[in-house]
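Engineer: One letter stands for each residue in the lines below.
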Amino acid sequence: MTGDVSTGKREGSEPFLKAITVSYLLATCMLAAVAIGSYIILQGYTKAEATSAAQINSSGRQRMLANRVVMSGYRLVQRSEHAYPSDMVEAARLDLLAAADRLQQSHRHLVDGNRAMNLPGSFSDDIRSIYFDGPDSLDSQIQAFVARARALASLPEPEITHDNEHLRYLGAAVEGALLARLKMLVGQYQEESEENIDHLQNLQLGLMLSTLLILLLLVLLIFRPMVQRIRSKIKALKETEILLQESEQLHRLTLSNLSDAVFITDDKGAFTFICPNSQGIFGYSPEEVKEIRNIGPLFGGEPVDRSRLKDGEMLENSDWPVKDKEGIEHHLLISAKRVDIQGGTTLYSCRDITILKQAEEALRQSETRFRTIFERSPLSMQVISHDGRTLMVNKAWENLWGADLETLDNFNIFEDEQLRSKGITQYLERAFAGESVEIPAILFDPRESQPDLKRVQPHWVRALAFPMSEAGSPANKIVLQHEDINERKLMEMELASHRESLQKLVDERTGELVRANKKLRQEMRERHQAELAILDMARFTECNPAPVLKLGGDGKILLANDAAIELHDTDALVGKSWASLVDSAPDFEQLLKRSKPVQMECRCCNRTFLFTYQPIREQGVVYAYGTDITDLRSLEQQLLQSQKMEAVGQLAGGIAHDFNSLLGVILGYGDMMRDDIPPDIQLRENLEEIMQAGNRAKSLIRELMDFSRPNGNNRQQLQLAEAIRESVTMLRASLPATIRIHTSLHGGKEPVLANAGQISQVLMNLGINAGDAIGDRKGEIGIELARVKVDERLAAQHAVAVGPFLKLTVSDSGGGMEKETMARIFEPFFTTKGVGEGTGLGLAIVHGIVKGHSGFITVESTPGNGSSFHIYLPAMDK
Amino acid sequence: MGKILIIDDEVQFRKMVRQMLERAGHTVVEAADGRQGEYLYRQQPADLIITDIFMPEQEGIETIIAMKRKYPDVKIIAVSGGGRNDGLRFLNQAEHLGADRIFEKPFERQELLHAITEILNP
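Chains as they are written, first to last, in my numbering: chain A, 1 to 878; chain U, 879 to 1000.
For the record, the hints were derived by calculation from the structure and aren't laboratory data. Treat the hints with care, as some may be off.
Every beta carbon over 12 angstroms from chain U, so not counted as near; a handful from chain A, in silico [said to hold, decoys possible]:
hint : residue
1    : ILE565
2    : HIS657
3    : LYS698
4    : ILE701
5    : GLU780
Straight-line Cα separation of at most 25 angstroms, DMTMM-like style, residue types lysine to aspartate or glutamate; simulated pairs [what the hints assert, rightly or not]:
hint : chain 1 : residue 1 : chain 2 : residue 2
6    : A       : LYS698    : U       : GLU937
7    : A       : LYS698    : U       : GLU989
8    : A       : LYS504    : A       : GLU494
9    : A       : LYS851    : A       : GLU636
10   : A       : LYS698    : U       : ASP887
11   : A       : LYS183    : A       : ASP126
12   : A       : LYS323    : A       : GLU361
13   : A       : LYS489    : A       : GLU448
14   : A       : LYS789    : A       : GLU688
15   : A       : LYS422    : A       : GLU361
16   : U       : LYS881    : A       : GLU689
17   : U       : LYS893    : U       : GLU908
18   : A       : LYS698    : U       : GLU982
19   : U       : LYS893    : A       : ASP126
20   : U       : LYS893    : A       : GLU194
21   : A       : LYS807    : A       : GLU827
22   : U       : LYS893    : A       : GLU688
23   : U       : LYS893    : A       : ASP676
24   : A       : LYS698    : U       : ASP925
25   : A       : LYS183    : A       : GLU194
26   : U       : LYS881    : A       : ASP675
27   : U       : LYS893    : A       : GLU287
28   : A       : LYS749    : A       : ASP877
29   : A       : LYS698    : U       : ASP951
30   : A       : LYS268    : A       : GLU287
31   : U       : LYS893    : A       : ASP658
All C-beta atoms in this analysis are idealised placements derived from N, C-alpha and C, irrespective of residue type, glycine included.
Take these sequences, add in the hints, and give me the full structure.
Structural biologist: Below is the structure:
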């Protein structure tokens, strides 16, 4: 570990240093280039400033010299005019010439350039234009100016005056064109100087920015990765240091925990180092070992010939017996190596292999046992090495396969195609991985895999592969244990075949069962639906308000619906004879001989039914469907009655006229004959008889006439009670005193729309009939008035509207009527009275009147208990 | 006493009434129906007409209307045996149309004569 780290350091540091060096060099070059650039710019800057200053100074000097020329001229003129001494004039003359010369010289310096004065020889176009272009160029003016000055100086004294043209020229030039040109020049110089300086400043700024940029790039591209690398190196160094420390600790720990005892001795066998663990083997503490001093007494001799030890070599003694402090013998594996540490020369490492020795012994014994078991096992076993070779086979294997181990010299179980194709290889691999694997049975053809095997017939083999190692740990060898299951397998296959056919049979039966079940369910569903339909039908019959019965061939009731049960008001209808419950019933035996239904009317519980008897020959039963025709019959009766009445009325109306005429003739002549025939003779009596008969006929015709008259005449709102009261008075007079009339007229206050006369006639007719019924006996007639409400049933029965009615009841305590009589009482001309006593029209007229008033009449009567006639008339609103 | 025209299709009844009236002193003229009665009345005007209601040819009601239109002052007694479905109603109509009295057949002789006396001697 330590060697690796140091090597890595050496390998990594060289390019690193190279990179640093290159980086430094690059940086230095950059800085040098920047410094040189800056110096050049500074020089340029200085030079430009100096040139500019020199040019401006020269221009100023020219101006000054020009002024000096003019002043010298004036001085010359002044001295000349004022007759200065000639030497002074001459001095002035020379002074003027000197000034002119200096001006010209200065001009030349400027135009031609003078490096000593920092004046450049080259100009910009603008400067050149000022110097030389045009007649007003500075050069021309300077030349002219100098020439004038010289001309002035060369004039003879008398000509030198104030108004001299040269002097005027000079003065004007200094004030005008020359001055303007020089100013222009100075301005141009300044402008160009500023431009140069600006240019240089820009250059300087660019250089600085470039420098900064380069430095930044250097930092980013070189220094930063370099710094990062340095950091990572430092980190690696630290980690290496930690590893070294850990390694050292590990070494110390290993040494201290090593089961081996380690000693270092010098050439003479004296201990120079004793590891603390020596106590574990020898029982002596390191201090005690030190006291022993030498290896000989500790080991009981020299376990290794130290003289044979060479550098780097190691000698070993694999089994050196020693006795420890307690005297117990230990077997040691001692290795010795030449070293040069801790002041010693030989390092002894002693390992206690006592337990190992014991284990080896145990292993040997175990192996012997294994081999014994292996050899003697009745199961065929084969030991296979990791490379697929067969190492061992036992007797059982040889017996099974008819071969020995040599036969398998060229056989590799992993390379066998048959086993590979049957997927056996993967089981073996699992066994080598440490797993006990049960290999499923296969049909193995030995000849295919190993032609030398004697067994030639393919047969079924099952195997168990288990590793020859600790359970779960990989093994170098595995044991393959075979089991010949050929017979069993063949039996199993036969069994499987049987089972398959059986299963097929079961499947077929199951399929049939499923189909049958499905069919059964379908049938059940249909039956259920049919039951529901029957139930529905039964309910249909049950709900029928008309009686429905099922009768047996003997006429006994088998079933009856609610309406039939209610009709007889008993739950125990079933079993009873139908004929005993009704007044007429068919002969069921005869009925069942034919299939056509018969209809028969019968009375039952005071009601009339029309029963349709439908014979069902196959079942021997008859269904009886009843219809209540009581109301129908009643209405038919009423209709018949009405028709009869109408016919009688028409008949009466038709004949009444003729009858009356005839009666008029008879009675008229009779009346006149009375005048002619004396009363005491027989003829007169006979005449009276004729007259009496005629009058009765007249009365009869009157009644007939009344009967045939329409009923709606003269009807008006009428208080029935009052009308009855008046009529009762008349009735009272018509009845014998033995009959008492009892009235109760407080019940009906509502008016009725009625003809008072007809109402009176009704009451009279009923009252007289009642009186006749009572006859000569004592009796009572009751006349009652009540308000009733006619319900739907009663209204339907009598074909009137539902609503409030006034009910007038006339009852008597007479002899009452038989049913047959009661059925006919309203028929015209029906009478129970003797001949000549009644016309048979009284009740018919009553009936007609009541019907004409939109009312109806009912009768109650039982023989011996009197009769009651109930007249119902519709009540009006108050 | 007065002259009375009897109009009735029933011959026996006419004869009986004729005798009844003649006994009471009246003069009687007979006609078998309304048309004949009208004719006779035109020929020999009567004081009173006794007419039946139901007759062939011309009914009593028609006769009454015709006679009353032509002879507004004519006195009429209407008689009827009723019948033929509501003959009495026609009698009432006759009274309404101008008949002075009405009688149902068969009537009482005295009642008729009394009525005639009242009509002829108001």
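Engineer: Are the hints correct? Go through all of them and say.
Structural biologist: Against the structure, the hints:
1. Non-interface status of ILE565 of chain A relative to chain U is upheld: no Cβ of that chain comes within 12 angstroms, the nearest being about 54 angstroms off.
2. Residue placement check: HIS657 of chain A does not keep its beta carbon more than 12 angstroms from all beta carbons of chain U (closest about 3 angstroms).
3. Non-interface status of LYS698 of chain A relative to chain U is broken: a Cβ of that chain comes within 12 angstroms, the nearest being about 6 angstroms off.
4. The Cβ of ILE701 of chain A sits about 8 angstroms from the closest Cβ of chain U, inside the 12 angstroms cut-off, so the non-interface label is violated.
5. Interface exclusion of GLU780 of chain A from chain U stands, the closest Cβ pair being 37 angstroms apart, more than 12 angstroms.
6. Restraint check for LYS698 of chain A and GLU937 of chain U: satisfied, since their Cα atoms lie roughly 24 angstroms apart, inside the 25 angstroms limit.
7. Distance restraint check for LYS698 of chain A and GLU989 of chain U: the Cα-Cα separation of roughly 16 angstroms lies within the 25 angstroms cut-off, and the hinted pair is therefore satisfied.
8. A threshold of 25 angstroms between alpha carbons decides the hint, and for LYS504 of chain A with GLU494 of chain A the separation of about 15 angstroms falls inside it, so the pair holds.
9. Only pairs whose Cα atoms come within 25 angstroms are accepted, and LYS851 of chain A paired with GLU636 of chain A is accepted, the gap being roughly 15 angstroms.
10. The straight-line distance between the Cα atoms of LYS698 of chain A and ASP887 of chain U is roughly 20 angstroms, inside the 25 angstroms bound, and the hint therefore holds.
11. For the hint linking LYS183 of chain A to ASP126 of chain A, the alpha-carbon distance of about 14 angstroms falls within 25 angstroms, and the restraint holds.
12. For the given pair, LYS323 of chain A sits about 20 angstroms from GLU361 of chain A by alpha-carbon distance, which is consistent with the 25 angstroms threshold.
13. A distance of roughly 20 angstroms separates the Cα atoms of LYS489 of chain A and GLU448 of chain A; the hinted pair therefore holds under the 25 angstroms criterion.
14. Note on LYS789 of chain A and GLU688 of chain A: the hinted pairing is violated, with a Cα-Cα distance of about 54 angstroms set against a maximum of 25 angstroms.
15. Proximity of LYS422 of chain A to GLU361 of chain A is assessed by CA-CA distance (about 42 angstroms); at most 25 angstroms being required, the pair is judged violated.
16. The straight-line distance between the Cα atoms of LYS881 of chain U and GLU689 of chain A is roughly 34 angstroms, outside the 25 angstroms bound, and the hint therefore fails.
17. Taking the CA atoms of LYS893 of chain U and GLU908 of chain U, the gap is near 8 angstroms; set against the 25 angstroms cutoff, the hint holds.
18. Taking the CA atoms of LYS698 of chain A and GLU982 of chain U, the gap is near 11 angstroms; set against the 25 angstroms cutoff, the hint holds.
19. Among the hinted pairs, LYS893 of chain U with ASP126 of chain A is inconsistent with the structure: their alpha-carbon atoms are about 185 angstroms apart, more than 25 angstroms.
20. With a CA separation close to 182 angstroms, the supplied pair LYS893 of chain U and GLU194 of chain A exceeds the 25 angstroms bound.
21. Of the supplied pair hints, the one linking LYS807 of chain A and GLU827 of chain A holds, its CA atoms being roughly 22 angstroms apart against a limit of 25 angstroms.
22. Distance restraint check for LYS893 of chain U and GLU688 of chain A: the Cα-Cα separation of roughly 21 angstroms lies within the 25 angstroms cut-off, and the hinted pair is therefore satisfied.
23. The straight-line distance between the Cα atoms of LYS893 of chain U and ASP676 of chain A is roughly 17 angstroms, inside the 25 angstroms bound, and the hint therefore holds.
24. The straight-line distance between the Cα atoms of LYS698 of chain A and ASP925 of chain U is roughly 30 angstroms, outside the 25 angstroms bound, and the hint therefore fails.
25. Between LYS183 of chain A and GLU194 of chain A the CA atoms are separated by roughly 17 angstroms; this keeps the pair inside 25 angstroms, and the hint holds.
26. Our distance criterion of 25 angstroms between C-alpha atoms is met by LYS881 of chain U and ASP675 of chain A, whose separation comes to about 23 angstroms.
27. Distance restraint check for LYS893 of chain U and GLU287 of chain A: the Cα-Cα separation of roughly 199 angstroms exceeds the 25 angstroms cut-off, and the hinted pair is therefore not satisfied.
28. Proximity of LYS749 of chain A to ASP877 of chain A is assessed by CA-CA distance (about 10 angstroms); at most 25 angstroms being required, the pair is judged to hold.
29. For the hint pairing LYS698 of chain A with ASP951 of chain U, the CA-to-CA distance comes to about 34 angstroms; that exceeds 25 angstroms, so the pair is violated.
30. Taking the CA atoms of LYS268 of chain A and GLU287 of chain A, the gap is near 19 angstroms; set against the 25 angstroms cutoff, the hint holds.
31. The straight-line distance between the Cα atoms of LYS893 of chain U and ASP658 of chain A is roughly 16 angstroms, inside the 25 angstroms bound, and the hint therefore holds.
Checked against the numbered hints listed earlier, the structure breaks hints 2, 3, 4, 14, 15, 16, 19, 20, 24, 27, 29; every other hint is satisfied.
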